[in-house]
Structure formats: structure tokens, C-alpha cells
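Guided by the hints, dock chain B onto chain A, whose structure is given.
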Amino acid sequence: MERTTISTSRDTASNPTLVPARQIKMLARHPNLLAFGVLAIILALLPFVLGNNYQISVLNFIGLNTILTVGLALLMGYAGQVSLGQAVFYGLGGYGAGILAQRTGLPPFATIVGAAIITGLIALLLGIPLLRLRGHYLAVATLGLNVIFLLIATNETDLTGGPNGLVMPTDLMLGNFVFDTDLEFYFLIWLVTLAILALSLNIVNSRIGRAFRAIHSSEIAAETLGVNTARLKLQVLVLSAVYASIAGSLYAYWIGIVSPSDFSITFSIELVVMVAIGGLASVWGAIFGAAAVTLLIELLRNFLPQLLRGASGEQQIVAFGVILVVIMVLMPEGLTTGTLKYIRKWREKNQVNSQQ
Amino acid sequence: MSPDQLFQLLIAGLTIGSIYALIALGFVVIHNVTGVINLAQGEFAMLGALIAITLTSETPLFHRAFTVNWNLPLFIGIVLATLLVMGVGALVYWIVVRAPRTDSVIIQIIITIGIAITLRGIALITWGTDPFRLPEFSAGPPIQIGSAVLTRQDLWVIGSAFALMALLYLFFQHTFIGTSLRACAVNRTAARLMGINVSYMMLLAFVLSAGIGALAGIVIAPKTFMGYDTGTYLGLKGFVAAIVIGGLSDERGAIVGGLLLGVLEIFAAALISSGYKDAIAFLVLIAVLFVQTTGILRRGAKREAAGV
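Read top to bottom, the protein sequences are chains A and B.
Each residue of the first sequence is one higher than the one before, counting from 753 in my numbering.
Each residue of the second sequence is one higher than the one before, counting from -7 in my numbering.
With the rest of the complex left out, here is chain A (with noise of 0.2 angstroms):
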């Protein structure tokens, strides 16, 4: 305490322009702060040159994938439990909201929080027997939730409106602003995911946070240091699964319907994929693999058919299969580390090269 005021007192008098310099100091000092306040400029300003509404509404996705992202990568990279059945807690959040909306006429900011607050009891009561089991079991067992959870979807019609889908009963309101556009979901979509990240990066660089790399380095010697590892998966388990309620809910009243071909398996195991190829383990790397697969997903989609004349959906799959494929080859750790280990291994090359 008595040493930082000395040398702030000192500096001041050396430097009369220390103010700013300090404050970028500072920012270098937490480059998450920095990276933080760089990304919400650039949200805030994009939509100004964006124009349509294609292209927020492709943004909104990637909005809502990254909150799903963020609470998987906390669960597989920080806590190391595989979890395939993700899309269950995007979807309890999105039929959550829908069926209170419907029921209860509660209002609709009312049932995004009802909505969570039931997901993480669910998880909390689901989590205690599966978070017992390891690896391989805890993976199938969530693709069974998710299966399962497909199937009540599915066959209650009277609850979820079956295969037809569940159409919600309101427009999302805040006292009178009614959220009706693309734009105007976009603004509320990367506010929690702001709020979400900003969480997440505060969770990962607390004690909290260093116990979970703990888990994941070593599960028996983290016991040993007197980590409750049992009770901190559990924890992890229901964040992420609030984080999912709350894009599935924000999803629902964005789209106004939901249906169970949006909480596929196959959307589980998407969700997996973009936690692998930002790279397991980083808050930062799960917003970038949300938008690299929704980008490369889009991409695919619309400048496939003028690379390759007559090409459809069918050469979409493959494509993105392939993409995947290569990606994991060559960048194991994703794209983020794996970029920047080979643009060191270039520049090394380059540096040897000018020696000689």
C-alpha cells in the first residue's frame, strides 16, 4: 500500500502527462480489459456499416452460439467434462420462457429469468449423479438427456406444441419498448453476451478459476490441495447451463418460434466443435470458434453455389466436414493458439533466414 503511493507521487512529479500513460499501462497490464473494450466498440459500431438485415441477423446467431460456447468451453477446457447434450439447456431455455409466457403471464423479461432459474435446478439436479462419471460416460450420458429431451419435445403436444413447434404467446417487452427488430435484438443479444463474457473472464482469473485448471491439469492433486472438485464441476455445470437458458430464451423471443429440430444433437455436437476449434479452455477462443463456424457455416451456404456451379446443400456438408477435419489436423490446439504457434514458427524461419 505504502510503496504504490511513493511511486504513483513520484511519477506524477517526473511526468506531468502521466495520466494517460498510466491508464494505457494499465490496460496493457490486464490485456483482457483492453481486448474487452476494443470488442464492444466494434459491436457497437457495426451495425452502422452493416446494412442488412441478413448480415445482423447471421451476427445475432453469432452472439447467442458464443453464449452457449463460453459455458461449454468453462465446462470442457476449465472443468474437463465433455458434454454433448448441451443444446438441452439452450432448449429448456427457449421452451422454459415460451411455456411461462404462455401459462403464467408473467412478463416477458420475467420469463427469461424463470426460465434460468428452473434450467439450473435442472442441472443442479441432474448434475449431482452425472458429474460422477468420467470421460466417455459423461458424453454419452448427455446425449441421452438430449435424445430424451428431443422425445418429450417431440411427443407432449399439449406442453411444447410437438413437432410443429411452440409459437411464443408475446413479443419480448421492456415496460414499452417493444424488441421487434433484427437491430434491436442485436443490441440486446451482445449485451449478454457481454455481460456473459465479462462474468466468465472474471470467473476464469479468480481463485475459482485457478481451481478449475487445477481439475483439469489433475483431478486427484487438486483433491489433495483441498479443492472440493465435486462441488466446483457442479457449480461450472449449472453456469453453463444458465448461460444456455438465457441464449435459448433470447432466442425464442427473437425468432418467436421454437421447435425441436433447433436443439438437434447435431447442434450439440456443433456446439462441441466450436469450443474445439477456439481452442479448449479460453473464454476468448469460444466467441472466436462461435463465429468461425456460424461465419464459415453462412459462408458455405451462400458462395459455394458461385464457386461451384450447381453446388447445394449436399456439398455444404462435405465442405464443412472437410474444414473441420483439416482444422483439427493441423491446428490441434484451434485456430486461435494454432494461428499464432504458426506465425511464430514463420517468423523464426524469417529471423534464421536473414542471419545467414
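Misleading hints may appear alongside valid ones.
[Unchecked claim] Computed cross-link-like contacts, DMTMM-like style, restricted to lysine to aspartate or glutamate with a CA-CA straight-line distance of at most 25 angstroms:
id, chain 1, residue 1, chain 2, residue 2
1, B, Lys269, A, Asp910
2, B, Lys269, A, Glu1050
3, B, Lys269, B, Asp221
4, B, Lys269, B, Asp146
5, A, Lys1093, B, Asp95
6, A, Lys1097, B, Asp95
7, B, Lys269, A, Glu908
[Stated by the list, open to error] With the Cβ distance kept under 10 angstroms, some of the chain B side facing chain A (calculated, not the full set):
id, residue
8, Gly106
9, Tyr268
10, Ile278
[Stated by the list, open to error] The calculated label-pair distances, taken between Cβ atoms and stated as ranges, are:
id, chain 1, residue 1, chain 2, residue 2, range
11, A, Gly1008, B, Trp62, 26 to 34 angstroms
12, A, Val801, B, Leu275, 49 to 57 angstroms
13, B, Asp122, A, Ala792, 26 to 34 angstroms
14, B, Pro127, A, Gly803, 53 to 61 angstroms
These are computed hints drawn from the structure, not numbers from a lab.
All C-beta atoms, glycine included, are put in the ideal place defined by N, C-alpha and C.
Here is chain B on its own, set in the frame of chain A:
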């Protein structure tokens, strides 16, 4: 429910169950020898069936751009299709095990997901969304047992599945290569120290599993329509069967798991509701896992404890 009805359901369950068992066996062989869970296992079955159908009967391909009519004899078609899929298996081995710059099993599993997506896409381009069917292997009236009916294809499915399992048992227990494969499953490092070429054994495991998968798809093809996406569903069921009893590392567990899953599914569909047929199978799976977290036989737990 009369005994005849019970018997009828049992036969139906064992028929689909033996297919699940074969696919589960493929999962176990690859997992034991390489440590990888090959999520493209169901796609081997789909490819085997569709290639066999193309070789033996008139099939429109590439959006009916052209129709092939090779009409090979069924037996030759089956052998060729199986060999082709085994070739695909070798390619999958190279992409999953040799090419990646990592040993991470999670990444290898994600690569198999990518391969599954690619194979499904290729099948969609080649055969479109139409479902196809193979003719029954032998013509003739179904066999009556009491008032229960056993079709000839049921016999073919159950018979060839068990014949294949018996052959595999002999191969693993009584041949030098089979013993080497088992050695790799017990401890790869020790196997390498004993002079076993582990890479070659891994390749063999993939080729063998691809062959088993292809045959499973082919024998069930006369009983159910096969399309580009049938493999996914067969693969999921096989995965569950492989894990639930033997914990992905026991061949006998996989076979018992497959048969049980088939019987359970058919009974659940008949007695409770066909809409929740799949849910019941998965509920049982989850219930089993909650009671016994490493599969019923617990060999998985022992292997984990031994650090293998």
C-alpha cells in the same frame, strides 16, 4: 401377452440387437487398440449397405444423373462392398491417428465427428435422400414357430452376426495377429517393447472395425431402408451398447449390450409407447450408469486404475 407374442418380440429384438452388437464391437475394437472413440462407426454400416445395393441392383446416382446397373451377384457385391469400406477404414485410421499433430484423444474424437459429417455428405451427394433396400438374401416363405413368424432374413441377420462373432473370437484368441491386437489393448507400450508393430495393429483395428460395420449394415439392409443418414442412428445405438455393459473395452460386454438394447427397445415400443422407444433405451442406459459408473462389468475401471 401370450408366449407366442413374447417369442415374436424376442426374435425382433434379437435381430436388431445383433446389428447393434456388431456396431458396438467395432467401437470396442478401435477403442481398445487405439484409445479413440470412432464416432464414424455408424457411417461404415451405411456405406457398406449403400455400396452393396449399388453393386447388385439398378441404382440411380447423383440426382438421377445416371443409373448404374451392374447387377453383380449378391455374394460378390457384399464382398466388394465390405472390402471398399475396409479401405475407407484405412483412410480414417490415417486421418485420425497418423495425420494430427497431437495425441489428444478429445481432438481425435472430434476429427472422427468431422469424418462422419463428410462421409454422410458424400453419401448424400451420391445417393441423394432416397432410401434404398437390398433384396432378401434367400427367397422363400417365412418360418412358422407356433403362431410366431420368423422371416428368412431374421435368420440371416442373427446367423451371420453370430457367425462373425465366432470368427472374430477365433481370430482374437487363436491367431498370432489376433493375440498381438489383444496385447495392444492391454498395454501399448509393453506391446511395442515385445516387438509388436503397434501402428500396424492400429491400422488393422480400423480396417477390421470398418469391415464389421459394413457387414452389419449389409445384413440389415433387406429389413430396413438404408439412406445417407441411417448410419448416424445405428452408430448412436452401437455406442450406447458398447458402453453400457462393458464400458467400451470389453467385446463380450458389447455383444450382450447390443442384444439387450435391441430386445429392450422392441419390448418398450410394444408395451409402452413407440414414440418413447428411444427414450426408454437411453433412460435405462443412464440408470445403469448412475448405479455403476463404469459399465456393469467394471473392466473399464480396472483399466483406468492401471493407468492404461
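A quick look at each hint next to the structure:
1. This hinted pair checks out: Lys269(B) and Asp910(A) have alpha carbons roughly 20 angstroms apart, not beyond 25 angstroms.
2. Between the alpha carbons of Lys269(B) and Glu1050(A) the distance comes to roughly 35 angstroms, so the proposed pair goes past 25 angstroms and is violated.
3. Of the pairs offered as hints, the one joining Lys269(B) and Asp221(B) holds, with about 19 angstroms between alpha carbons and a cut-off of 25 angstroms not exceeded.
4. Between Lys269(B) and Asp146(B) the CA atoms are separated by roughly 21 angstroms; this keeps the pair inside 25 angstroms, and the hint holds.
5. For the suggested pair Lys1093(A) and Asp95(B), the alpha carbons sit about 17 angstroms apart, so the restraint of at most 25 angstroms is met.
6. Pair hint Lys1097(A) plus Asp95(B) holds up; C-alpha atoms about 21 angstroms apart against a cutoff of 25 angstroms.
7. A distance of roughly 14 angstroms separates the Cα atoms of Lys269(B) and Glu908(A); the hinted pair therefore holds under the 25 angstroms criterion.
8. A cut of 10 angstroms between beta carbons decides the hint on Gly106(B): the least distance to chain A is about 4 angstroms, and the hint holds.
9. Annotation: Tyr268(B) was flagged as interfacial toward chain A, and the flag holds, the nearest CB pair being 6 angstroms apart, inside 10 angstroms.
10. The closest approach between the C-beta of Ile278(B) and any C-beta of chain A is roughly 5 angstroms, which is under the 10 angstroms cut-off, so the hint is satisfied.
11. Hint check: Gly1008(A) to Trp62(B), Cβ distance near 51 angstroms, so the stated range 26 to 34 angstroms is violated.
12. Between Val801(A) and Leu275(B) the CB atoms are about 50 angstroms apart, so this pair conforms to the stated range of 49 to 57 angstroms.
13. For the pair Asp122(B) and Ala792(A), the beta carbons lie near 50 angstroms from each other, so the given range of 26 to 34 angstroms is not met.
14. Under the hint 53 to 61 angstroms, the C-beta atoms of Pro127(B) and Gly803(A), about 57 angstroms apart, fit the expected range.
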